[in-house]
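Construct the complete structure from the given sequences, taking the supplied hints into account.
Following the working numbering, the numbering of the sequence shown begins with 1 at its first residue and continues without gaps.
No wet-lab data here; the hints were simulated from the structure. Treat the hints with care, since some could be wrong.
To be verified - Have a look at the derived ranges for each label pair, beta carbon to beta carbon:
1. T27 x R204: 30 to 36 Å
2. R168 x P30: 25 to 31 Å
3. S200 x S164: 15 to 21 Å
4. R204 x Q34: 52 to 58 Å
5. A111 x S164: 26 to 32 Å
6. E240 x P129: 24 to 30 Å
7. E65 x D38: 22 to 28 Å
8. K242 x R178: 32 to 38 Å
9. R168 x A26: 42 to 48 Å
10. S112 x Q224: 35 to 41 Å
11. D38 x R178: 44 to 50 Å
12. Q34 x S164: 36 to 42 Å
Built from N, CA and C at the ideal position, the CB exists for glycine as well.
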Amino acid sequence: AMARDTAREEHTRRAAVQWHGILGHATVIPALAQFARDDVDNEGNDKAGKKSIASSAVAALSTLEGDIGVPALIDLARTATVGTRRNAVFWLGQNGDPRARQMLHTVIENASEARRVRSHAIFSLTHGPDTPVSEFTYLRGLYARLGDEELKEAIIQGMAEDDSEGGRWLIGRALDERESSRLRKNALFWAGQRDETPTSDLVRTYRELREGDLREHAIFVLSQRKDDASTEELLRIAREDKDNNVRGKAL
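If you want it as structure tokens, here you go:
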């Protein structure tokens with residue numbers, strides 16, 4: 001009742017919704033699902049005057065004890081408006097329940113789903129707590145079948161979270177001349193953002209690249225590393241590279 005009372009302060013209503021998630025049981029699920037459907041716009045943002053009520057409701061469904069809110073989240077991801085679907089897929093990824101991850105697969109592979117919902121599902125799957133290695137393997141296998149660059153970019157970004165094969169795979173995409181320049185740059189950037197990626201791999205990538213814009217991007221990535229190996233390579237480029245432009249970029 002407190003959560004529904006529009007005469008109350010928003011933070012009070014939001015707190016009531018959050019407590020439903022912490023202390024609630026199955027009887028609160030219909031109310032939480034209705035808040036999630038009603039109080040969000042098509043971008044996944046809370047409507048004016050209803051700040052955080054919708055997002056709090058979706059989060060509460062994800063945190064109900066025993067994962068009893070997962071079926072309602074799955075239903076929201078299937079049948080609600082675009083904005084609510086986007087919120088639902090995020091919290092499905094934070095839940096960790098196998099049913100939730102399977103629903104994310106369904107969303108990601110659904111060509112008729114809105115791109116922003118599919119992209120957010122990829123983000124959620126790769127940024128969830130204790131994401132299994134098998135999920136990163138799944139996304140790498142899916143990558144080649146996707147024709148949408150925005151979805152491919154989401155997978156590339158997500159691979160920065162993979163402590164197993166993520167760095168090696170990203171370097172492979174950066175060197176793959178069949179990929180667009182945009183995707184190759186993104187792959188190189190995210191490889192560089194991973195502490196686990198050896199600087200020697202980034203140095204090798206720079207030396208193997210042939211395209212001027214990609215070589216310049218590799219210099220930028222090396223400049224972000226702040227270690228002795230990257231500094232030595234930048235000094236070498238500045239002294240020895242045959243391309244005057246990239247020599248200047250390395251300084």
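Against the structure, the hints come out as follows:
Against the hinted window of 30 to 36 Å, the Cβ-Cβ separation of T27 and R204 comes to about 59 Å, which falls outside the hint. In this structure, R168 and P30 break the distance hint of 25 to 31 Å, their C-beta atoms being roughly 47 Å apart. Taking 15 to 21 Å as the suggested C-beta distance range, the pair S200 and S164 conforms, at roughly 19 Å. Under the hint 52 to 58 Å, the C-beta atoms of R204 and Q34, about 55 Å apart, fit the expected range.
Remark: the range hint 26 to 32 Å for A111 to S164 is upheld by a beta-carbon distance near 28 Å. Hint check: E240 to P129, Cβ distance near 46 Å, so the stated range 24 to 30 Å is violated. In this structure the supplied range 22 to 28 Å holds for E65 paired with D38, their Cβ-Cβ distance being about 25 Å. Our hint of 32 to 38 Å for K242 and R178 is violated, since their Cβ atoms are close to 26 Å apart.
Under the hint 42 to 48 Å, the C-beta atoms of R168 and A26, about 45 Å apart, fit the expected range. Against the hinted window of 35 to 41 Å, the Cβ-Cβ separation of S112 and Q224 comes to about 39 Å, which satisfies the hint. Between D38 and R178 the beta carbons are some 46 Å apart, a value that agrees with the proposed interval 44 to 50 Å. With their beta carbons about 41 Å apart, Q34 and S164 fall inside the hinted range of 36 to 42 Å.
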